[in-house]
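Undergrad: The listed protein sequences correspond, in order, to chains Z and B.
First residue of the first sequence: 0, per numbering that gives the first Met the number 0; consecutive thereafter.
First residue of the second sequence: 0, per numbering that gives the first Met the number 0; consecutive thereafter.
Taking lysine-lysine and the DSBU-like style, the derived pairs with C-alpha atoms no more than 35 Å apart in a straight line are:
no., chain 1, residue 1, chain 2, residue 2
1, B, K87, B, K221
2, B, K9, B, K221
3, Z, K191, B, K9
4, B, K87, Z, K191
5, B, K236, B, K221
6, B, K9, B, K87
7, B, K236, B, K87
8, B, K236, B, K9
9, Z, K191, B, K236
I should point out that these hints are in silico values taken from the structure, not numbers from a laboratory.
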Amino acid sequence: MNESVIILSLASAVVAGTPILLAALGEIVAERSGIMNLGVEGMMLVGAVVGFWCGVHTGSLTLGLLAGGFAGLVLSLIHAVLAITLRVDQTVSGLSLVIVGGGLSAYLGAAGEVPLLERANGVAVTPLFPASFADLPAVGPVLLGHDVVVYLTVALVASTAWLLYRSSLGLSLRAVGEDPAAADAAGLDVVKIRYLSTAFGGFCAGLGGAYLVLAVLGTWQAGLTAGAGWIAVALVIVAGWRPWFALIGALVFGVLRGLSFTLQIAEVDIPSDFLAMIPFVAAYLVVVGISASPSRSRQIAAPAALAQPYFREQR
Amino acid sequence: MSVLDRIEVKPRAQATAVVQAGVPLLALLAALMLGAIVLILTGANPLEVYRTMLDASLNGQRAIERTLTFSTPLILTGLAAAVAFRMKLYSIGAEGQLFMGAIAASAVALQLPETTPKALMLVMVLCGGAVAGALWAGLAAVPKAVFGTDEIITTLMLNFVALAFMNYLIFGSQTFWRDPDRPVPQGLSFPEAAELPAVSGRLHLGFPIAVAVALLLWWVLKSTTFGFRVRTIGDSKRAARYAGVGVPGTIMVVFLLSGSLAGLAGAIEVAGVTNRLDPTALAIELGYTGIIIAAVARLNPIGVVPVAIFLAAIETAGSSLQSIGVDTEIVRLLQGLIFLSVTTGEFFVSNRLGWRAQAPDESLDDHDLQQAAAEPEATSNPALVGETT
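Taking the hints into account, I'd like the entire structure generated from these sequences.
TA: Here you go:
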């Protein structure tokens, strides 16, 4: 495998990893507050279909992304009402989002006079930096040749990490996820913080879906996330609920997802179906490995109150 | 204090029969109404859509046979989810286990000599599917039982692996599963001995088998020690451990049982309907739909049967909608909405909502809290008691 193939695969890994990273970041914030939302795949799909619809009609990447984000947010609020207010089992509620989101997006994508299925992407995605930057050896294509969303996502990683660990809001959020009863007694509004975190998670997932369809794939297809949302959920565990580790993990998954393309160029003969398995096999192995590892430190343990409903009167 | 904090949840001591039966029906109605809203927004006539669906799935013997045929794998994946979820084991792996069951069943059907007696052949095919499903479930069951690995993630990842593997066998290679004489990739047809006999028109023997499995599972969960163990672990792991129930062992058994049911679904589907390994006909989310069915049936194996038939009716009706210009994907949306509204409805079966007259603890200050902590029994403010106990 020569040098240019490696550079190409790294560059495509950055783009392929961005939607997964966005969704995983949102899920980290939600899970840190104690709300496990398994509906990431559904929120990404609805974000993608709404974002693509908006992109096709306005031609604006920004509007498309924002619309996708809000669509994800709206869907996440269903989970918030079910899981926080009605205290429905969070696994069941999250799964229902996946099914509703999958059905809704597939139907919306196929409905109408000229369905989205047959529409071309009208959104121009341009690199943030001038073309001369991308011509720099190695660093150029891998780090400097991308659109603005990639850099904003990295900025979002930094600000999420800062928010979680360095701000009082982050302290409150983690307190609510670790011990809601104590947080409540200390005067924190558990319900409000959990609603906001879940909504943030939904917005990020919708944004990730919209970015996936508008900037990475370019055309709408039912079920186009093909498990990306589930990879994001796995990534949260793999990253130990830490934003910067999620960035590294998303890059690795990006490389694995892009492997089929890379290996084709490098003329390595592995059936494409096996290459498609790799990210999922990797996620399976890492999740099993983490749970089996004896040196599991407190650092990478899940939030103590994850997926446990909080009910003041039952304390 | 937000409005949400004023919503008060009161558990029902005992849900009356009216509530038990009425809430799911209302939930179903709500799902159909939500679906109608989406249909209207996209320019379709919901009444026409629902009438066409009813017609296509239940009007006439052939329609009913088609619906029951389609419900067969759904009954089994519904049972697979129900038995696992009953123990709070969130296996979402029926999808992949079904694929593995179909692959193994096809292998048995194609490899055994064509002269094998039909009964023996069919038993081998169905057993092969069930065993393969159980083994594939084992990949998630062993880490769960030994390390406590999150089964949601592992089963899901394995679904995608199984799907890619099945696609590889037909579309990506020249294995014995594939028909060598056809230019378009397609599975090799089974010998006649491996085809499930029909019981009525297109309805095959798989349907009575699935119903019998449902009855058997219902009896096992209700009346055997094993069933008691499963229910105890589902209600409280800690209590089960105190009672001497081997939790990891039971997790293993239930996980493998769930996997074998999903594998059996795959085997019955290839032996009864497709008669070859057909990835496109199998990868239609039969496994995921099973989760909806189990949830709507309140994890009751007998309840799974009518719910599966109902969802199958919706699904078989889907293809008829094209004639009136509505995309079949509405079917998946309706299924999702039914899942969502019935899940919400379950909450109202066991609880009811009320409004608090006043927000509970806004008036509390540190002084009150200290006082309450000092003499918790002397306080007359119920909100205060709730705050300190």
